[in-house]
Structures are given as C-alpha cells and as structure tokens.
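J.: Letter by letter, the chains look like this.
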Amino acid sequence: MKRLAQHTLFWPAITLALLLVASSLFNPSFLALTWRDGHLFGSVIDILNRAAPLIVVSLGMTLVIAVRGLDISVGAVVAIAAAVAALMIGGSFSATGEVRSDYPLWLALATALAVAAACGLWNGLLVVKAGMQPIVATLILMVAGRGIAQLLTGGQIITVYYAPFFSLGNGFLLGLPVALWLAASLWAALHFVMSRTALGLFVRSIGGNPEAARVAGVRSAAITLCVYTFCGLAAGVAGLIVSSNVKSADANNAGQLLELDAILAVTLGGTALTGGRFTLAGTVIGALIIQTLTSMIYSLGVPPEVNLVVKAALVFAVMLLQSAEFRQLVSRAARGSAT
Amino acid sequence: MNDAAIVLRARDISRAFPGVQALSGVELTLRAGEVHALMGQNGAGKSTLIKILTGVYAPDAGSIELLGKPVTPQSPIHAQALGISAVHQESHLLPNLSVAENICAGRYPRRPWTRGGGIDWRETERRAAELLASLGINLDVWQLAGGLPAALQQLATVARAVSTDARALILDEPTSSLDADEVQALFTLIRRLRDKGVAILFVTHFLDQVYEICDRMTILRNGRFVGEYACARLDAHGLVAAMVGREVAAAVGKTAAAEHAVDNTSGAPVLAARNISRRGQLKPMDIELKTGEVLGLAGLLGSGRTELARLLFALDARDTGDIRIDGQPAKLDNPGDALRLGLGFCPEDRKHSGIVADLSVRENIALALQARMGLTKFLKLSEQRQIAEKLVAALGVKTASIETPIGQLSGGNQQKAIIARWLATHPRVLILDEPTRGIDVAAKQELMHEILELARGGTAVLFISAEIDEVVRVSDRIMVLRDRAKAGDLPRGADENAVYSLIAASHKA
Chain P
1 MKRLAQHTLF WPAITLALLL VASSLFNPSF LALTWRDGHL FGSVIDILNR AAPLIVVSLG
61 MTLVIAVRGL DISVGAVVAI AAAVAALMIG GSFSATGEVR SDYPLWLALA TALAVAAACG
121 LWNGLLVVKA GMQPIVATLI LMVAGRGIAQ LLTGGQIITV YYAPFFSLGN GFLLGLPVAL
181 WLAASLWAAL HFVMSRTALG LFVRSIGGNP EAARVAGVRS AAITLCVYTF CGLAAGVAGL
241 IVSSNVKSAD ANNAGQLLEL DAILAVTLGG TALTGGRFTL AGTVIGALII QTLTSMIYSL
301 GVPPEVNLVV KAALVFAVML LQSAEFRQLV SRAARGSAT
Chain A
340 MNDAAIVLRA RDISRAFPGV QALSGVELTL RAGEVHALMG QNGAGKSTLI KILTGVYAPD
400 AGSIELLGKP VTPQSPIHAQ ALGISAVHQE SHLLPNLSVA ENICAGRYPR RPWTRGGGID
460 WRETERRAAE LLASLGINLD VWQLAGGLPA ALQQLATVAR AVSTDARALI LDEPTSSLDA
520 DEVQALFTLI RRLRDKGVAI LFVTHFLDQV YEICDRMTIL RNGRFVGEYA CARLDAHGLV
580 AAMVGREVAA AVGKTAAAEH AVDNTSGAPV LAARNISRRG QLKPMDIELK TGEVLGLAGL
640 LGSGRTELAR LLFALDARDT GDIRIDGQPA KLDNPGDALR LGLGFCPEDR KHSGIVADLS
700 VRENIALALQ ARMGLTKFLK LSEQRQIAEK LVAALGVKTA SIETPIGQLS GGNQQKAIIA
760 RWLATHPRVL ILDEPTRGID VAAKQELMHE ILELARGGTA VLFISAEIDE VVRVSDRIMV
820 LRDRAKAGDL PRGADENAVY SLIAASHKA
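Top to bottom, those sequences are chains P and A. Numbering of the first sequence is given in the working numbering, commencing with residue 1 and proceeding in unit increments. Numbering of the second sequence is given in the working numbering, commencing with residue 340 and proceeding in unit increments.
Because the hints were derived from the structure by calculation, they are not lab data. Built from N, CA and C at the ideal position, the CB exists for glycine as well. One or more hints might be untrue.
[Stated by the list, open to error] List of simulated lysine-lysine pairs, DSS-like, C-alpha gap at most 30 Å:
hint, chain 1, residue 1, chain 2, residue 2
1, P, 129, A, 670
2, A, 629, A, 825
3, A, 783, A, 716
4, A, 690, P, 129
5, A, 716, A, 690
6, A, 716, A, 622
7, A, 716, A, 729
8, A, 622, A, 670
9, P, 129, A, 716
[Unchecked claim] One-sided and incomplete, this derived list gives chain P residues near chain A with beta-carbon spacing under 10 Å:
hint, residue
10, 10
11, 28
12, 29
13, 208
14, 276
15, 326
With the hints as extra help, turn the sequences into a complete structure.
T.: Shown next as structure tokens:
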C-alpha cells in the first residue's frame, strides 16, 4: 500500500476517482453506458470525447516542460490550424446538391498540421537559437497567432459544410469516438517514442540533467527544436478536432485559454514545471480531471456567470489534495487533535 | 614578534561534521599590519575555519580572541560588528543597486528631519565616495554595481567589508576570477589596508600571490594544523610538501613506467593541440597525446587542469589555437564534434555534469554511444543491455541491476558507470578529470587499474588528479600546470619530488 501511494500516478488517479464518484452522486446516471446506433453513449464517453483536444495539447506541453521549457502559444496555434483547415475545406454546393470540399480533405488536413508544426518550430527557434525565455518566446505567438487566425478568417466564423471532415470530432470508430482514438494513439505513440527510441532517450536525458546530456555529446538544440515542433503539431491536431466538432473555425474563441488548461493538466498529472522527470500517463489523467470538473459544473447547472469562479474553487481544492505539503499539514493537524 | 600587535588569535579550534572531523586543534594568529596566508589543499579545513571565524559555525572546542578579549561570533553580521569582516570568492554586491547603495547597505544614513528616517541619499553617496577615496579606489559611486567589471566589483566588496571598521579582514580566494592586472589593483588595495593596521587573512591557491603579498602563512592539512611560517623562511617547494604532507626529500614509490613494461607510445600523436587558450582561464599552451599512453596532468587547484580538459573537449570555446586529430586539422567546436572524433570526457563534477540521476544505469551507459549514432539509428534495447551488462561486469560496477536509476548507486559506482559510458563509444582519447575524487580507496585502486588496462588497449588517456601520488603512479608522462600555464613536462619515471619542484619552480630559492 505504501509503495502504491508513492507511485507518481497515485494521487492524480485518486483525484480523478473522487471526482467521478462526486459526479455520480450528483447525477445517478453519470456512470451509465448505453449502446445505441452501434456506439457507446454516456457521460463518461462524452467526457473522454471532449477531453481529447486537451489531452493532445497537454501531451505536447508535457514534453516541452520536460526539456525545461513552456509553450503558452498552443491555444493560438489551435485557432490557426482550425482556420487553415476550415478555409481549405470550406465546401460549396454543386449543381446536384452534393457538397464538395475546395481542396482535397487530405491536403487541407496536411496543410493545417504543417502550419501548426511550423508555429512550433518558430517557438523552438526563438528559444534555442535566439536564447529567449520560453514563456516570452511563446508569448509572442500567443498574441500574434490569434491575430493571424483572425486575419485568415477575416474576423468571421468560417462554417464548414463538407461532411467527411466532421468525423474527426463527432465520428465513432468501433463504438468509441474518433477523437478518443486519436488521443489514445498519440499517447501510445509518444510512450513508445519516449521509452524505445533514441529521441526519447535524448529528451529524457536533457530533461533530467541538461549539462550531463551536453557533456555526453547530445545535441540538445536539435532535440529541443523537435520537441517544440511536436508541441505545435499536437496543437494542430487539437485544432482539427475542435473545428471538426463544431463544424466551423472561430478564430476568436477556438483554443481560448487552452494553454492554461494544458499547463494545469501537466501539473495535475505530476510533472514538475521545473522540468526533468515527466509522466505522459499522468498528463492524460490530469486532462481528464479538468474535463470532468468542467462537465460536472455544467451538469450541476451552475449559472454561466459564476462558472469560472466555481471552476477555480474546484481546481484549488484539487491542487490542495495533490500537494504533499498540504497533506502532511492535514495529517499532522489530525494527529494533533487526536492526542 | 611583538604580541601587542596580535589582532586575532584562534586557539585549538576543533569542529566535527557527521562522519568527518573537519578541524582538530587548529591555531591561527593574525597580526596588525600583516597579510597572512591560509594554505591547504581541498578539504584541508580552510573554509570551515573561516566559517567559524565569521560565526557561520560554532566550534566544538577552542577559543577566539580579538584584541586580547575572548569573542564568540554568532553570525556573519555579529562577527562584522565585532570587527571581523570577510569577502568571499564571488563578490556579493547587489547588481541592481549603485556602488554607494551597496557600500552603505544595511547602514544607510537617515535624514534626521523626517520621522522614521528617510534615507539620505546624498549622504550615502558622500560616505561611499569618501571611503573609496581613502582607499585610493577610483570609482563612480552612483554606477550600478552589476555593470562593473569583476575586478572593480571585488574592490568595492573589499571596501564595503572594511567600512565597518574591520580589525581583521578575511579574503577568501578573492583573485580566482581576476586577470593579472586586476590582481595587482586588488593587491594595491590590500597593501594600503595592511599599512592602516588591518590584519588580513588571505586564502588563495596561487603560490605566486602568496609570496608576492603575504608576510606569514598558516598551513592546514586534513583538518590539522601543520604550522605557521614566515614566508621568507619557507620556499614554495617546502610549502607544497607541507600542504600535501610528504617528505619531499625522500624519493617516493615506484612509478608507472616501471610497471608499464611495453612501450607502445611511440609514433604520431592521436591528438595534438597547439597554442590553445581561453581568456582568464588558460594561457596559450600545446599538448599532445599518443596512442596507448597515459598522460598525467598535475597542478594545484586553479592551475588550469579542468580548464584545459574542457577546451580539449570543446565544452568551452577556445579563443586561440587549433586541434589536430591524427595529424588532420579537426573541426572541434562542441562536445558533439568531440564525440564524433573519438574523444571521451568524464567530468570532474559527477552529479552536476556526469550522471542523469533519474535514468537507469543502462541508459546512462548507452547515452554517449547513442548520441554518436544520432537520432535515426537506435541502439536496440537488447544491444543496450548487452553493452551495459558487459561493462558493468568488466568495471565491477556494483548495482542491483542495470535498470536501477543511477542516482541510487554510490559515488564510486556512479563514476565507473560514467567511465563505462565512454568505453562504450570505444574512444581513441579519454579525458578523465578527477575520476578518483570522493570515492573510497578500494574503488580508487580498481579505477587506476582500469585506466592502465585502457591505455594498454590503445586508448590515449589524459589523467587529471589533484592527488599527485596518483598521477605519478599511473602516468607514462606528466605535464605540470601552474597558474593557468604549462610549467613543464616530465618524462616517464619522474617521481613526486620532481612534480613538486615544477609546481613550485618559480619560487625556488
């Protein structure tokens, strides 16, 4: 039991479990799953589906934080990727009433992802080559990126009519949401890369001890560039899921404040913001905690104007639960009152 | 000497830390108008003694007298109030405050007419300017301290230290980051303070400086008091011997040359560096390494040993000089280049720049080899395991398994694992910077054995150690550094005596 409690994932998992229990208390049908039209339905599935973009972004953020960086531009990159995809797919009605995409779907998706990756590369170059502080370097794109997205969409919400694009955010595969499959496979792929490839070894060594990695001849600059580029790419994937889900691209609101949720997810999962040891599984749990919280607030019927305050209070409670110092304080106080 | 001139006397000072007796029965006497050197190798107890004098630590036994009265400094501030000030290696000015603000920090003059006492900035500047002028330091007091060169910051720090009417001033390695000219400026200030009757304790690793400025010295070794000497009476040769604790007159031990039967060191050098230098760290020097030889690099701390190693491995950029590998000019601008050219480097500071504590022994061993293979070619797990198992067995690394995080191993075993990391790359040149530091005697013996084995296998080894007896024992050839320059080369068969002579050469009577 003691060893279990010391596992890095112990407290994040407990927190998530507590939230799920609390949700099912408020809403008895919360944990119910039904099979309808060939796929699973239920609040839990809904949470998993909605958490997918956050999971994807947070996984990228985890790696950036692991190499002692930070990327606060991911929300803006989500908006850019969504705008590029929506603009390229768009959709026009042909004479027969059939909807066609402006460019082939694959080209639109690939372009959106390439643009997102380029954004990440840009951040990486500012950090590695220009030697900027990560938070400042990515602040530039955080502000400018949303501007670029608005420029692309002309300040309008671009609606997509081409149906095949919708499956990313709304479709199902083998009974589960496509977005969930995407997030899960990204996690699996990253897990493999981090534990079974040269890139993973380098990322972990740079995170663990940058100076030792340098002395061992690891080209830290190139690796760090890769990591930032990947973080941009992940934000791009999230952008596609988001825009597919709402069948449009909203440059003003897509991915708004997502960077903060992502950083929060990484932290809740047990990765320190100072870098070093990181846990991808923890990040996934962290993202699920945040989404469960959000869903809980909605299902409680909290009025929208106090929504953020309630969320902040809940996040505060969760952070306290996760803090080893706070737990010690509580157990000491409990012991004190017992004697 | 006239006892009336004694400012500070520490008697029979002892202090233990868990597992270490840092000081036992140490004596120190500082006299007015004298500069006194405190000498000793790393771990001799210099820092502990200074910390006791300045109230950081309390001694377990012993007494301190200041001007004949017993005192017990409780904290650095208390010590300062008593009249004992200290200046440490890196100057401690606040970079975002002006020189005047720094000098008067904590004792700002107040405007008498405002209640609560606003700070009188004009008076602050006036006092600072007056102090600097009285010490002959030419410096604008309103300049930001952070913008000043290191030397001027150091002078301002000394000025601040004596501004509290210090009777005894402790200078702990004040010159370690200064150029020759800057050192002279500091010495001018020290002489002026000495002539004002301040008793000065000067700690340095530079022997030249000791003989230039000091009148007497106290030597410590392994926490014990070796003796107090007048500088005129003890030459550098004797000083080095007293510090390392060997009777230099007697020739010692047999050398590697005697054991190292086969001479396979002839031929062209595998690595040849010409005229390499780095400002403030290393004066231009040449170095050559031949296949299959162990080149020992000896010298006191601060002599440029580590600096030379870091330049060769391109961890620091060199200002001048070129490096040839196998006679071909080599592009050697970063550690990645060095790795590809077949160099290996075990750094001095294992924790900070050697191990990646969270990674397993296997991953730590595979790291350099994988870095050389690059991103695309992955060293398969099975291969990693095989290499790690083999090297762990060959070097006798004691670990529960190769999957244990390396941070859990003991220091000596971590060191062996880091050496294993480089052996995995089959280096042609291996630089070992203090590989034996902080590990027990048995592990040291095994390491020395491994180093000789390595050289027999055809690797050129550059062996750096502060322990001169170790250098003499494993080296085929010894290069001695002094004050960041080459002091000389010794052929195989040279004994410790010869090394001491070279270290002390410029002071020979």
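J.: Work down the list of hints and note, for each, if the structure agrees.
T.: So, going through the hints one by one against the coordinates:
Simply put, residue 129 (chain P) and residue 670 (chain A) have alpha-carbon atoms about 21 Å apart, close enough for the 30 Å limit, and the pair holds. Distance check on the hinted pair: residue 629 (chain A) and residue 825 (chain A) sit about 18 Å apart at the alpha-carbon level, within 30 Å; holds. A hinted pair counts as satisfied when its Cα atoms are at most 30 Å apart, and residue 783 (chain A) with residue 716 (chain A) does not qualify at roughly 36 Å. Between residue 690 (chain A) and residue 129 (chain P) the alpha-carbon distance is near 27 Å, which keeps this suggested pair within the 30 Å criterion.
Under the criterion of a C-alpha separation no larger than 30 Å, the hint pairing residue 716 (chain A) with residue 690 (chain A) is consistent with the structure, at around 28 Å. Between the alpha carbons of residue 716 (chain A) and residue 622 (chain A) the distance comes to roughly 40 Å, so the proposed pair goes past 30 Å and is violated. At roughly 21 Å between alpha-carbon atoms, residue 716 (chain A) and residue 729 (chain A) fall within 30 Å of each other, so this suggested pair holds. Distance restraint check for residue 622 (chain A) and residue 670 (chain A): the Cα-Cα separation of roughly 21 Å lies within the 30 Å cut-off, and the hinted pair is therefore satisfied.
A hinted pair counts as satisfied when its Cα atoms are at most 30 Å apart, and residue 129 (chain P) with residue 716 (chain A) qualifies at roughly 26 Å. For residue 10 (chain P), the interface hint is violated, the least distance from its beta-carbon to any beta-carbon of chain A being 18 Å, above 10 Å. Interface hint status for residue 28 (chain P): violated, as the beta-carbon distance to the closest one in chain A is roughly 44 Å, over 10 Å. A cut of 10 Å between beta carbons decides the hint on residue 29 (chain P): the least distance to chain A is about 44 Å, and the hint is violated.
The closest approach between the C-beta of residue 208 (chain P) and any C-beta of chain A is roughly 4 Å, which is under the 10 Å cut-off, so the hint is satisfied. Interface hint at residue 276 (chain P): satisfied, since its Cβ lies 7 Å from the closest Cβ of chain A, which is below the 10 Å cut-off. Because the smallest distance between the Cβ of residue 326 (chain P) and any Cβ of chain A comes to about 25 Å, over 10 Å, the interface hint for this residue is violated.
The structure shown violates the earlier hints numbered 3, 6, 10, 11, 12 and 15.
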